[in-house]
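S.K.: This is what each chain is made of:
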Amino acid sequence: MIEINEVTKILGDREVLKNITLGVTKGTIFGLIGENGAGKTTLIKCLTGIYLPDQGRVRIGEQEVFDNPAVKARIGYVADQNHCFPGMKVKELIRFYRLSYSSFSEERFQSLNQVFQLDLNKRLKQLSKGMKMRLALGLNLSIQPEVLVLDEPTSGLDPIVKREVTNLLLQEVEERDTTIFISSHHLSDLERICDNIAIIQEGQIQYVNSLEGMKRNIKKLQVVFQEEPPQDLKDWPEVLAMEKLGRVHYLITKEYSREFEEKLKGCRLMFLEEVDLSLEDMFIYAAGEGLKNGKVLV
Amino acid sequence: MYIKCTSSTNTRGTHNTIARFGDGGDILLNIDARSSKPIYEQIVEQVKENIMKGILQPGDRLPSVREMSTLLTINPNTVSKAYQELEREKAIETIRGKGTFVTQNYQPKKDEDKLQEVRDLLKKVVIESHYMGLGQAEIIAMLEDIYQELGER
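If you're matching them up, the sequences are chains A and B in order. Going by the numbering used here, the first residue of the first sequence is number 1, and it counts up by one from there. Going by the numbering used here, the first residue of the second sequence is number 299, and it counts up by one from there.
Check the hints yourself; a few may be wrong.
Here are the computed lysine-lysine pairs in the DSSO-like style, where the Cα-Cα straight-line distance is at most 27 Å [claimed, not checked]:
1) B:K335 x A:K265
2) A:K254 x B:K422
3) A:K263 x B:K351
4) A:K254 x A:K162
5) B:K421 x A:K263
6) A:K162 x B:K422
7) B:K335 x A:K244
8) B:K421 x B:K396
9) A:K129 x A:K91
What the hints contain is simulated information worked out from the structure, not anything from laboratory work.
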């Protein structure tokens, strides 16, 4: 559904996106994670046709997005900051959306507003950050998009609304086969809902995999050796990071396999156990931060 | 249909969701998104466990993909995948237009891979117990206890 092909974007004198290629299948949820300033928002702006990439192309449903109103009409976009038209009233903005998107459903908005509880007579500048986010989500769900692009959608939302919003997104996927592209650094939010995850760092995609694949491949092992561990353990291609705590060695591997486990067992082990690794830990290791800092979280 | 859903954070700081559904079949699921086990596998295992314990009985209706995804706040594709796997193992069946049900005569299949997996797990238990100073008799007694707890199904 979404094809991002060798996209490079230069802003000022900085290459913010470097040769990015990603694909998202229809009806799936794609999560983009990265540190502040990694290029998440820039990539999203290329995806929604706000920026024209300097190289490469972005296509949705086999059509170029940039300067293509027909495609944009089918994209819902919730930006990380929503402060357009501060003097407008909420109901005026609803009207604006209705005129802009032919697929806008006022009924849908009304039913969503049962959850969001927005006062339609308030002006936008009177709304808090969380309320603005609710409004943007409500409007963009009401245009019944084929592709929904969300930039940090849950920031500023309280836990109850956050859960409601997540459930609304899940229902969108289930009922209308909507494709969702979501960026966040609240990794625990993404952990439950994404099909696929990409990690972006300094404008480059470091890692793409299904969440399931990540769980299968990136593992943390607790190992106790009978004697000394092999000298070259650190240099094994499978070992991403390692730390010693007393007699216990913690190993992080990016490419877990039976063979790797057998190879380890061949080194006279006393004990080997897998430790749960959250997406947050995975993010830190897969992005290579664990390596740079030489730190392993226990 | 009566639905109750509770979320809690356990001592490990991981997020668990327990969902209960009531219309004949109550089901208790506990999904840990932080576990290194993929979520769909957790669903497959726990539904089977529910059947084994008799919490779910033959003919009971399971929540639809949509209900399950909302209750657990997880991706509907993940739920579909779990249901497909359960159907493949003949634990549940989908009747078009009616819903998904626990099969009438679910016979846990003992395929070779699974058997090896169980054997490996048991081996691990035996080794660990050995280091704790537990003997064979104590382990067997413990197993019997567990069987009783699960109702020897």
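S.K.: Could you work out which of the previously given hints the structure breaks and list their numbers from low to high?
M.R.: 3, 4, 6, 8
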